[in-house]
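Chains as they are written, first to last, in the numbering used here: chain S, 1 to 722; chain C, 1 to 394.
For the record, the hints were derived by calculation from the structure and aren't laboratory data.
No farther apart than 30 angstroms at their CA atoms in a straight line, the calculated lysine-lysine pairs in the BS3-like style are these: (1) C:K312 / S:K11; (2) S:K8 / C:K312; (3) C:K312 / S:K14; (4) S:K7 / C:K70; (5) S:K14 / C:K4.
What the simulated footprint calls covered on chain S by chain C, stretch by stretch (three residues with Cβ under 8 angstroms from a Cβ of chain C suffice, anywhere in the stretch; the number is not a length): (6) 9–21; (7) 28–36; (8) 40–49.
Not close to chain C: a few residues of chain S, all C-beta gaps over 12 angstroms, as computed: (9) T81; (10) Q152; (11) Y162; (12) R243; (13) F300; (14) T346; (15) D366; (16) Y425; (17) A474; (18) G536; (19) Q655; (20) D669.
Think of the CB as a built atom: it goes at the ideal place given N, C-alpha and C, for glycine as much as any other residue.
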Amino acid sequence: MRRIPNKKVTKNAKVFGGVLLGAIVLVTLGLGIRLFVIASGSVDGHNLNDATRRAFMANQIVPASRGKIYDTNGQVLAENTTVYDMYAVLDKKVARVKDTKTGKYVDGSGHVVDKETTAEKLSKIIDMDQKDILSRLEKNVYQVEFISTKVQASKNLNIDQYKKIQALKLPGINFISRPSRIYPNGNMASHLIGAMSTDENKKSGQSQQIGFMGIEAAENTLLAGKNGIKKYDGQVENVQDSRTVKPGNDVYLTLDSSLQNTLETRMDDLLKTTKAKATVGVLMEAKTGRIVAATQRPNFNPNGKTINPDLWANLLDQAPFEPGSTMKGITLAAAIDSGKWRPNATYPSGTLLIDGKKVVDAFGQDQGTLTYREGFWRSSNVAFARTEQQLGATTWRNYLEKFRFLQSTKSGLNGEESGHYSFDYPIDQANTAYGQGISVTPLQMIQAYSAIANDGKEVKPYFVDKVVNPATGAIMQQGKTDTVAHPIKASTAQQVRKYMIDVVNQETGTAKEFDLRKFGYQIAAKTGTAQISENGQYLQGLNNAIHSVMVLAPEKNPKYIFYMAVKQPKVFPDPTIQITMNKVFQPLMLQALNNSDSAVKSKTTKQTVPNVVGRSIAKATQTLTGAGFRTAVVGNSGQIESQSLLPEQKSLTNQLVILHAKGNTYLPDMTGWSLTDAQSFAREAGFKLTWSGSGYVVGQTVAKNQLVVDTSQVTVRLKEKK
Amino acid sequence: MFKKLRKLDYWIAVPFAILSMLGIVMVFSATQGTTAALSNFIKQAIFVVIGLMGAFFLYHFNLRKLQNAKWMRNLQLGVIAALIIARFVMPPVNGAHGWINLGLITLQPAEFLKLAMILYFANFFARQPWQNHVRLKLQPVSQLNVWGLPLTGLALVILMPDNGNGLIIILILMALFLASGVSRRLIALVAAIMGLGFGFLQTLIRFANHFFDLTSSNHYASARLTSFVNPWDPNAVDTSRQLLYGYYAIAHGGIFGVGLGNSLIKPYLPESNTDFIMAVMTEELGAITTASVLVLMLILVGRMIILGIRQKSQYARLVLFGVATLLFVQSLINLGGVVGILPITGVVFPFISGGGSSYIVFSASIGLTLNIAATQKKLVAIHPADIIARKDLK
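Whenever a hint applies, use it, and build me the whole structure from the sequences.
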């Protein structure tokens with residue numbers, strides 16, 4: 001039965017059809033627009049492409065482990081670790097917690113329940129007291145961290161702290177872990193080794209660490225390696241598209257930790273007594289250009305802390321200053337080399353007028369007539385202003401360029417400054433002859449003096465001994481001696497060194513405090529007291545000067561070049577501050593010279609290292625001692641499994657050979673060991689070593705033959721050898 | 001028997017064919033890399049064959065036989081029986097009792113209920129045009145007789161719970177009711193309310209959230225509402241993941257897509273071959289392809305409505321409007337959920353999403369509309385040019 005609908009029903013139904021069609025067209029249009037908005041990559045202000053990278057590509061990146069940084073003896077200066085940031089969830093709604101292992105939710109409390117107890121327990125582990133922790137736990141927020149402008153107690157917790165807190169099983173206390181860099185020696189050579197900063201990887205959107213100062217920055221590409229990529233095709237790894245991870249390379253520096261350590265401790269003492277605004281000190285091997293020790297103050301501890309931008313500059317190469325009279329050695333070299341030096345001619349000391357402007361001698365106006373030779377050891381500005389006039393501005397400028405001032409040394413550090421000078425007027429030109437009106441970096445200074453030390457051969461200072469692929473042992477980059485210039489003749493260099501002896505040996509010599517003759521070494525030196533220019537005006541007074549010294553030792557055939565500068569010391573323990581500076585110089589230089597002498601001596605007693613693997617401990621020790629080596633054993637039972645000096649190779653005698661056996665380790669008597677020996681043993685045996693002083697071990701906090709384990713901490717006291 | 005195929009309405013048949021083929025390809029691609037990919041592909045191909053057979057059957061079915069109230073009641077009864085089995089006998093799948101597992105295939109009775117509802121109410125409203133005098137004549141007993149069965153079916157669907165299909169059934173009923181001859185004023189009023197409700201959906205949910213604190217509830221529907229309102233809330237990561245990953249997929253695909261089979265996100269995207277197949281398709285083939293799918297859907301649905309408007313038979317009109325509403329609302333709720341303008345309710349996209357019951361039902365509906373279109377051609381569809389030609393002949 002089919003009923004013909006009445007007209008009104010048909011009409012209304014057709015109208016509905018029209019409305020429906022209109023609605024459908026409109027809504028479809030809306031859907032399409034929304035679809036294209038999302039496809040364009042941004043919804044509600046959220047960047048979807050970044051979010052996608054974070055959510056998915058993160059799973060695909062296989063991070064490359066960063067290479068380590070070692071000193072020249074293989075002592076670790078920088079390595080990798082994991083740090084933890086802690087936070088406490090306070091919101092009572094967080095009742096379920098996700099199990100990190102299974103990924104499933106476990107019922108239980110996800111927020112802090114007992115605030116008092118939590119605060120009390122945490123205060124024993126993190127660097128914040130109970131009251132402060134509690135006040136944060138009582139805030140009415142979703143979650144809190146325990147940080148303030150002063151302390152960042154919940155940030156960068158180390159693995160020990162993390163494990164301790166985890167063991168407490170405190171509800172609501174959570175962690176985020178991330179890879180981090182650890183510098184076992186804290187602030188040692190901080191500016192040279194450098195530090196890391198966090199950066200966002202542009203491809204994955206993940207945060208990553210990159211070197212941002214010192215060697216960490218300069219060698220970042222080699223240290224960082226290359227992240228691998230795992231590509232997933234559905235749920236199966238697609239091997240073709242994957243890129244295998246390339247771990248970072250290890251960087252070996254030219255630094256010698258034991259010399260560096262001496263320099264650091266002595267520099268700390270100097271800073272304490274003088275309260276200087278800044279200091280810088282550097283020791284270079286004269287023949288090779290290897291920097292064996294270098295430091296500066298103020299410095300920083302790079303372990304997990306953000307570094308104040310005021311401390312970013314490496315004073316070795318990034319903060320040129322007017323060096324003052326240490327420049328006279330270069331002027332002298334130029335004068336001798338060009339035949340304009342008349343050592344026995346005389347001049348009236350005190351003051352010299354150039355175009356109405358005064359050149360004044362620091363030692364006073366009443367010294368009368370002096371010879372130029374005397375003018376050098378007494379550091380007369382007038383003598384060198386006159387010498388410059390005799391040289392002529394053009395010749396002098398040529399020498400400045402030949403010595404490679406005013407250009408970067410390209411030592412391998414990032415952002416080296418080249419310095420600058422004023423050379424327009426005769427007074428400017430004369431000023432540069434005694435180190436004012438020209439700014440230089442300590443690296444440029446030691447580089448220039450290397451020509452004087454090496455009979456005319458100028459070598460470039462460098463820091464990177466080698467870069468090694470840890471997996472294959474292949475050397476990726478090899479540091480080597482680079483002779484960059486021959487600014488002066490060999491005879492000139494020898495003569496300059498002779499005049500530099502005067503500065504040390506003469507009664508009125510300005511560097512007489514640095515004399516090492518009683519230790520059997522004749523040194524050549526030049527001091528400087530530079531005025532500091534601020535806003536076009538020179539500051540007045542010794543407190544406002546840069547005190548510096550340049551030493552070549554020994555004078556005959558120099559092995560080391562030492563340079564240090566002390567800026568604006570507040571306290572003067574001695575009138576010229578040189579006795580205080582010598583407290584840095586003397587132990588450092590003696591240690592360096594002694595080491596190299598003993599190395600030279602023992603060169604004649606090279607021995608083949610016997611193979612003791614597989615022998616008993618007693619037998620191995622006996623064999624090695626018989627061959628002239630010292631031994632220390634990790635473990636106390638079974639046979640020798642490995643030895644630190646490879647067998648069947650020629651090696652210097654009296655070196656420490658660390659042997660590995662089974663069982664517990666009992667601490668040996670470390671008296672007489674170098675710091676490097678002690679550190680190597682601690683690393684092999686797995687205990688923590690700290691030290692005080694510098695030189696060789698004279699005492700240890702854990703007695704010999706005591707058991708040491710992973711958690712043991714041993715402190716050794718070091719003292720210089722007499 | 002195949003003679004009738006000459007009268008095939010290509011405005012409906014061609015989009016249907018393209019979308020079905022695209023569906024087979026996408027179902028394979030969406031689960032590619034898993035062991036289920038090939039079986040999903042084969043299954044979908046089989047469903048398409050069965051669906052075409054169903055369409056062919058309904059294309060040739062005598063429409064008069066469908067206009068039998070008793071038959072329609074029996075159809076309702078059959079689907080309700082299946083719903084009861086699914087709800088009370090079968091174990092839940094993804095938290096809902098919506099499926100009957102027959103071993104080889106799994107039936108989803110709610111899908112069949114949608115078509116049964118269209119046929120039932122098209123027949124009812126064609127006989128009982130909804131005008132004031134008609135309504136007054138109806139007795140309470142006959143009211144129960146008419147509404148009892150369909151409401152039971154709807155209640156069972158909502159009880160599963162299957163809010164998405166529940167909502168679709170309600171919207172189909174509304175459309176059929178509005179097409180049953182109600183006054184134009186009422187049509188305008190309902191259209192205005194729907195428009196406003198759709199426009200202010202987010203605000204409404206926020207408002208409800210303010211009073212009832214939906215976030216604290218553990219009900220899955222409220223979690224979906226919360227993540228719909230703020231998917232970026234880091235505390236709702238798990239409930240929002242599906243939506244956000246869908247966004248990521250669409251953004252990753254951009255306008256032109258990353259190429260078939262190259263989706264980065266599909267392994268991590270829940271229901272990638274059914275509810276979220278549009279996200280995978282957009283990632284692989286680009287927003288341009290998805291927009292083309294929308295255009296095809298618009299042609300298909302628009303054609304049904306235009307045919308409906310041209311119909312003389314109120315029954316045929318109601319069936320066409322009903323099927324058009326079903327296909328459109330189904331597309332809207334699926335894609336609207338994926339692009340975040342509606343809460344995610346777990347319904348499939350017609351023809352493209354994997355799934356047997358739904359494909360067979362959509363395909364059968366297409367067969368039905370093609371049947372009507374062909375009949376209409378036979379009866380009334382005379383092109384104006386033909387009329388002129390005839391006049392000329394005279």
